[in-house]
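Enquirer: Sequence:
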Amino acid sequence: MVAFCKSLAGPGLTMHKSGLSSTFDLIRWSCALLVVTHHARQLVFAGYERLQAPGLIEKVFYGITALGHERVVLFLFVSGFLVGGLPLARWGEKPFSLLDYGIRRFSRIYVAFIPALVLTWALDQAGLLFLSESPFYAQVAGATNSWFHFPAVEATSLTVATFLSNLVMLYGVTAERFGSNGPLWSLANEWWYYCLFGASVACAHRKAIVQLLGVAALLAIFSMLPAGTLILGIPWLAGMATCLLIHRGVPTLTIPAALLIFAATLIITHPLHRPSAVAPHAFAWRALLGDAVLSLSIALLVLSIAARRVTALPGARVHRVLAEFSYSVFLTHYPVCVFVAALMQKAMGATLQTAPSVGVIAIYIGCLFTSYAVAVLFYLAFERRTDAMRSLINSPVKSLRLKVRAAMTAG
Numbered sequence: 034m035v036a037f038c039k040s041l042a043g044p045g046l047t048m049h050k051s052g053l054s055s056t057f058d059l060i061r062w063s064c065a066l067l068v069v070t071h072h073a074r075q076l077v078f079a080g081y082e083r084l085q086a087p088g089l090i091e092k093v094f095y096g097i098t099a100l101g102h103e104r105v106v107l108f109l110f111v112s113g114f115l116v117g118g119l120p121l122a123r124w125g126e127k128p129f130s131l132l133d134y135g136i137r138r139f140s141r142i143y144v145a146f147i148p149a150l151v152l153t154w155a156l157d158q159a160g161l162l163f164l165s166e167s168p169f170y171a172q173v174a175g176a177t178n179s180w181f182h183f184p185a186v187e188a189t190s191l192t193v194a195t196f197l198s199n200l201v202m203l204y205g206v207t208a209e210r211f212g213s214n215g216p217l218w219s220l221a222n223e224w225w226y227y228c229l230f231g232a233s234v235a236c237a238h239r240k241a242i243v244q245l246l247g248v249a250a251l252l253a254i255f256s257m258l259p260a261g262t263l264i265l266g267i268p269w270l271a272g273m274a275t276c277l278l279i280h281r282g283v284p285t286l287t288i289p290a291a292l293l294i295f296a297a298t299l300i301i302t303h304p305l306h307r308p309s310a311v312a313p314h315a316f317a318w319r320a321l322l323g324d325a326v327l328s329l330s331i332a333l334l335v336l337s338i339a340a341r342r343v344t345a346l347p348g349a350r351v352h353r354v355l356a357e358f359s360y361s362v363f364l365t366h367y368p369v370c371v372f373v374a375a376l377m378q379k380a381m382g383a384t385l386q387t388a389p390s391v392g393v394i395a396i397y398i399g400c401l402f403t404s405y406a407v408a409v410l411f412y413l414a415f416e417r418r419t420d421a422m423r424s425l426i427n428s429p430v431k432s433l434r435l436k437v438r439a440a441m442t443a444g
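Count along the sequence shown from 1, then add 33; that gives the number in my numbering.
Everything labelled a hint here was simulated from the structure, so no lab data went into it. Computed from a predicted structure; not experimentally measured. A portion of the hints provided could be inaccurate.
[To be verified] Quick list of simulated restraints, FRET-style, between CB atoms:
1) E82 / S428: 29 to 37 Å
2) K379 / L197: 30 to 38 Å
3) P289 / V391: 17 to 25 Å
4) V243 / A395: 53 to 61 Å
5) P347 / F139: 52 to 60 Å
6) I147 / P87: 52 to 60 Å
7) G282 / L197: 45 to 53 Å
8) R434 / W318: 22 to 30 Å
9) K127 / P304: 37 to 45 Å
10) A296 / K127: 13 to 21 Å
11) L246 / S432: 38 to 46 Å
12) E82 / S130: 12 to 20 Å
13) G382 / L286: 51 to 59 Å
14) A414 / L346: 25 to 33 Å
[Stated by the list, open to error] For lysine-lysine, the following DSS-like pairs were computed, each having C-alpha atoms within a straight-line distance of at most 27 Å:
15) K431 / K240
16) K92 / K240
17) K379 / K240
18) K379 / K127
The C-beta atom is built at its ideal place from N, Cα and C for all residues, glycine as well.
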């Protein structure tokens, strides 16, 4: 098994020289922007089907901000490429360390995730206390809102038990969302893909005990995860596979042709991700097909860029800066948008869920601006300290490993 994993390794990937680094930076920050504009629009504006004779500008705006699921697919593809594909591709240069992998993933996710849950609790409690008349904050358990993307926030969704369940990534598995932060389901999915990857690599370890633990972990995770979570692993696997295919002489398209196919695929597959009056299993198969086709088009584009040795995209430095805090944007935007929308609605006496107007547009812009302002502050306070957290964890772990080795040697 070890030999097989080493056979997957390529000659090494130079991300910056291949132009993939700036490409992925562009994808990361644009996906973050898409998710904020998508969710803020759902909170503030009426659905497209309720508009009366929408004009061209409205059609374009609603079309762009409707790409919520596509954003998830893009993001998971990049995650699979970087977190799964790169370690395997570099196996020949640097042996894969399960311990180092676990520490890196834990540090990257939890350094900002825990504070994000605390921020969610604080904003939601403030909303329940001061903005109880808003449809976003329910005072009655079980209250719903037909146009709210996620159910209205209830005090019962802010319990310690729900907090802890979300903390260990059980949201969408065995637990409900914590407060208003519904979008965190995709982070939970990604975490379990990390775990599945680590367990799979453990199955290829040279020690039998590690192999057995890897098999046990795989069986436990597969039996626990819902089918929908496993289906959304397709983009992650596609990203990993694409990374392994680079520099292996795979025939590629020109970049313009790959871009055209990607754009066409976005348009064609979008309806497949819309719930409709079909049986749940039929919708699942439609979504599976849509994710697979879209992932393939992304793979073609990435392979084309890598094959052309593009040095960097125009504005590469800007893409890098914007991508740096994209994780913070994702973690914090929804509770911020909910609170700001409710606050501005109360202050302006505006009516939400209407066609675009001056007042509603002002609330929408307020949601976007505040979300990004909070995300930047959040990045400066937490996300950029990922390396420091990794070092903090590494130090006692390395010390413990040395003591264990010394004890085994002495024995």
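Enquirer: All hints are to be evaluated individually against the structure, with a verdict given for each.
Expert: Going through the hints against the structure:
no. : hint                    : verdict
1   : E82 / S428: 29 to 37 Å  : 56 Å, violated
2   : K379 / L197: 30 to 38 Å : 32 Å, holds
3   : P289 / V391: 17 to 25 Å : 40 Å, violated
4   : V243 / A395: 53 to 61 Å : 57 Å, holds
5   : P347 / F139: 52 to 60 Å : 35 Å, violated
6   : I147 / P87: 52 to 60 Å  : 42 Å, violated
7   : G282 / L197: 45 to 53 Å : 49 Å, holds
8   : R434 / W318: 22 to 30 Å : 47 Å, violated
9   : K127 / P304: 37 to 45 Å : 44 Å, holds
10  : A296 / K127: 13 to 21 Å : 37 Å, violated
11  : L246 / S432: 38 to 46 Å : 23 Å, violated
12  : E82 / S130: 12 to 20 Å  : 52 Å, violated
13  : G382 / L286: 51 to 59 Å : 54 Å, holds
14  : A414 / L346: 25 to 33 Å : 29 Å, holds
15  : K431 / K240             : 20 Å, holds
16  : K92 / K240              : 58 Å, violated
17  : K379 / K240             : 62 Å, violated
18  : K379 / K127             : 57 Å, violated
In summary, the numbered hints that this structure violates are 1, 3, 5, 6, 8, 10, 11, 12, 16, 17, 18.
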